[in-house]
Amino acid sequence: MNILIKSGHLIDPKNDVDGIHDIYISDGQIAAIGKSPKGFMAEQTIDANGKTVIPGIVDLSARLREPGHEHKGTIASETRAAAASGITTLCVPPDTDPIIDNPAVAELIQRRAEEAGFAHVVTLGALTMGLAGEQLSEMAELYHEGGCIGVSNGTRYINNTLIMRRAMEYAASCGLTVFITPEEHSLVNAGVAHEGSVSTRLGLPAIPEAAETVAVARELMLVEQTGVRAHFCRLSTGRAINMIARAQHDGLPITADVAAHQLHLTEMDLGYFNSQCHLRPPLRTQRDLECLQHGLQTGNITAVCSDHQPHDADAKLAPFSETEPGMSALETLLPLTLRMADEGLLTPIEVVSRLTQHPAEILGLDKGHLGIGAAADICIFDPEQYWVVDAEKLVSQGKNTPLHGWELKGRVTHTLLNGKTVFSLES
Amino acid sequence: MKQQDVQFDNDGQLRHFLTIEGLKRPILTDILDTAENFATVGSQNVKKVPLLRGKTIVNLFFEASTRTRTTFELAAKRLSADVLNININASATSKGESLLDMLHNLEAMHCDMFIVRHSRSGAAHFIAQHVAPHISVINAGDGRHAHPTQAMLDAFTIRKHKPDFTALRVAIVGDIMHSRVARSQIHALNSLGVPEVRVIGPHTLMPPEASHLGVHVYHDMEQGLRDVDVVIMLRLQRERMTGALLPSEHEYFQRYGLTEDKLALAKPDAIVMHPGPINRGVEISSSVADGPQSVILEQVTNGLAVRMAIMSMVLGRSPGSDDQERKA
Numbered sequence: 001m002n003i004l005i006k007s008g009h010l011i012d013p014k015n016d017v018d019g020i021h022d023i024y025i026s027d028g029q030i031a032a033i034g035k036s037p038k039g040f041m042a043e044q045t046i047d048a049n050g051k052t053v054i055p056g057i058v059d060l061s062a063r064l065r066e067p068g069h070e071h072k073g074t075i076a077s078e079t080r081a082a083a084a085s086g087i088t089t090l091c092v093p094p095d096t097d098p099i100i101d102n103p104a105v106a107e108l109i110q111r112r113a114e115e116a117g118f119a120h121v122v123t124l125g126a127l128t129m130g131l132a133g134e135q136l137s138e139m140a141e142l143y144h145e146g147g148c149i150g151v152s153n154g155t156r157y158i159n160n161t162l163i164m165r166r167a168m169e170y171a172a173s174c175g176l177t178v179f180i181t182p183e184e185h186s187l188v189n190a191g192v193a194h195e196g197s198v199s200t201r202l203g204l205p206a207i208p209e210a211a212e213t214v215a216v217a218r219e220l221m222l223v224e225q226t227g228v229r230a231h232f233c234r235l236s237t238g239r240a241i242n243m244i245a246r247a248q249h250d251g252l253p254i255t256a257d258v259a260a261h262q263l264h265l266t267e268m269d270l271g272y273f274n275s276q277c278h279l280r281p282p283l284r285t286q287r288d289l290e291c292l293q294h295g296l297q298t299g300n301i302t303a304v305c306s307d308h309q310p311h312d313a314d315a316k317l318a319p320f321s322e323t324e325p326g327m328s329a330l331e332t333l334l335p336l337t338l339r340m341a342d343e344g345l346l347t348p349i350e351v352v353s354r355l356t357q358h359p360a361e362i363l364g365l366d367k368g369h370l371g372i373g374a375a376a377d378i379c380i381f382d383p384e385q386y387w388v389v390d391a392e393k394l395v396s397q398g399k400n401t402p403l404h405g406w407e408l409k410g411r412v413t414h415t416l417l418n419g420k421t422v423f424s425l426e427s
Numbered sequence: 001m002k003q004q005d006v007q008f009d010n011d012g013q014l015r016h017f018l019t020i021e022g023l024k025r026p027i028l029t030d031i032l033d034t035a036e037n038f039a040t041v042g043s044q045n046v047k048k049v050p051l052l053r054g055k056t057i058v059n060l061f062f063e064a065s066t067r068t069r070t071t072f073e074l075a076a077k078r079l080s081a082d083v084l085n086i087n088i089n090a091s092a093t094s095k096g097e098s099l100l101d102m103l104h105n106l107e108a109m110h111c112d113m114f115i116v117r118h119s120r121s122g123a124a125h126f127i128a129q130h131v132a133p134h135i136s137v138i139n140a141g142d143g144r145h146a147h148p149t150q151a152m153l154d155a156f157t158i159r160k161h162k163p164d165f166t167a168l169r170v171a172i173v174g175d176i177m178h179s180r181v182a183r184s185q186i187h188a189l190n191s192l193g194v195p196e197v198r199v200i201g202p203h204t205l206m207p208p209e210a211s212h213l214g215v216h217v218y219h220d221m222e223q224g225l226r227d228v229d230v231v232i233m234l235r236l237q238r239e240r241m242t243g244a245l246l247p248s249e250h251e252y253f254q255r256y257g258l259t260e261d262k263l264a265l266a267k268p269d270a271i272v273m274h275p276g277p278i279n280r281g282v283e284i285s286s287s288v289a290d291g292p293q294s295v296i297l298e299q300v301t302n303g304l305a306v307r308m309a310i311m312s313m314v315l316g317r318s319p320g321s322d323d324q325e326r327k328a
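Chains as they are written, first to last, in the numbering used here: chain R, 1 to 427; chain F, 1 to 328.
Take the hints with a grain of salt, since some may be wrong.
What the hints assert, rightly or not - Covered stretches of chain R (chain F as the covering partner; in silico rule of three or more C-beta atoms under 8 angstroms from a C-beta of chain F):
1. 199-208
2. 318-324
Said to hold, decoys possible - Okay, the calculated bits of chain F under chain R, using three or more residues with CB under 8 angstroms as the criterion:
3. 144-150
4. 206-213
What the hints assert, rightly or not - Computed, partial: chain F to chain R, Cβ under 8 angstroms:
5. S98
6. L99
7. H118
8. G122
9. H125
10. F126
Because the hints were derived from the structure by calculation, they are not lab data. What you are looking at is a predicted structure, and each value in this text was computed from that prediction instead of being measured. We put the beta carbon where it would ideally sit given N, CA and C, even for glycine.
So that you can see chain R by itself, here it is in the shape it has in the complex:
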């Protein structure tokens, strides 16, 4: 099938393209940019006049809830929401139920995603069996048989530093990147909000900044010792960013990402116990928010992810600390990140690189760009269209968003996966 995307503003950071170009797609791949290939007859033409065309978004962290919690979401429902958000590749952490500590679970997720056909789904294998932090998982098998593109212990902190060291060493010998969600478990101490003036006022059990910085400090020392390639997921504190920046300056092989909502929400948004703002890591201070934004500007943080965590309504209907953390975040990822450009903090091309090129590189995938021969995973959006977030109208099965009622700018109109239209706003 031949497709022509006509007159769109193409932004492809990896190939240094930023301008109005026609895109020619053949057999699910980019056939040409700008000039029609010989004898190209378009069977489908998408008029992208006034729209922006970017590589399909690569999301470093999205819970799809399947297997294990299908009442919150399924691979089909959440990849469909991804398609509606311009996201064509999703990376799933290993904390599914059952846990991705054997190839069968990874294969199941892959197969269901392929059946649904809305997005590519890649998985992270468990770093330790059952994420229990005791026994190393069969990482090589997870990689070769299960197709896991990296390893992670999810949000479960490994208390035993010796085991963390061994896990990193073993991952290094398998050539795998370790994905780290830094949170020192004992310092979290059943906390549910950032330790600061808001948690003090509301009397909520609090998570101190040190829960993150202590974990980052330990893992940085171990990365230095073991030489493993490591990626730090969803940082929330300014101090942690500074530590990451210093380690990068010293040449450590590390990267970092941030969740889009952490760039726009703070502890103040908890108001009077708004459970939609019960997130992990918690919303922190205005100062932290500015440090995270600054980290994206300097390139110490190179990726923005959704940290999508859909929930059923009941999960948020209880006194704050009894609710489950997380937000349904796929559909707000692009507009929240575009806001950084609107606020003059990043250029549009930088925004796109942090959603496409860099996360793909972190995952080691040949995605996130639109070079000749690349898979035609494409997101087309109207950069000027405003829309109001209506929680009930989210495509995701999870309607839990603290952004209900927010007016956002930038709306996805088409999403293509391997040259096939998987979302179109009109239809």
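Place chain F on chain R using the hints.
Okay, now just chain F, sitting in the frame of chain R:
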């Protein structure tokens, strides 16, 4: 910010009583003045007034309490309301029936007011946000967040002895971190115009950014007590001795226990308060608790009048006759 007004109805009258935060001085003064009228009811021969006849009040206690529940029950009965006591083991709700299901069942029985105590901060707000429009909620203590009726009865007791709030120095001593009483007292005292509220306690029992609550933070008892007019001692929960918050009861009493020697640093006519129940020899010595400056038992008595005032104001808010009846 959107949810700020959940305590008020559309006419700006108190519909729920959940927290002191955000309540302006006239409302608090109104509560204290109304309580003044009720203070005599208990000493009359017939200890009842018919203000809430026909109303049904549910004491919904998810956390064990004898004293608070009893005073609420007595206050409701003195106002001629029907009272239902429901004690729920918190673990019973976590399995099976959800909190909301239980509330809706009670609503279906045509109750008028829920008096809620719960171990989680924000529980009273959560319930207030989800009850049917005709139901009022009074917070009888939610987690570490608020205990507004306790704070009002403390303010009432202070005013009895020290009528001018704007001339006072008040020290709150002990486990500020875990205390809903302290949080509500701080809001009440600030709102009533107390120029200097101090909190005294070790770092491990002091919430971060405590000064943002509008208090001066002291870690040294001797410094903190100097020249204060009111000393409020907080109960130290025994379970705080585990989890590395404090080394021992003995050392705590040495540093933060209120003894006659330490009390001598305060003004000579300073009063000593405690929300109870007291741990003698842990946060306060018996000689001070039973001494001439102690008003601890008065607090208990005043609790009744203040709770009657709040209940009658919240349930009697509907326009017209009720309002006049209350003033009469």
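How the hints compare with the structure:
no.	hint	in the structure
1	199-208	holds (count 9)
2	318-324	holds (count 5)
3	144-150	holds (count 3)
4	206-213	holds (count 6)
5	S98	holds (7 angstroms)
6	L99	holds (6 angstroms)
7	H118	holds (7 angstroms)
8	G122	holds (3 angstroms)
9	H125	holds (5 angstroms)
10	F126	holds (5 angstroms)
Against the hints set out earlier in the document, no violation occurs for any number.
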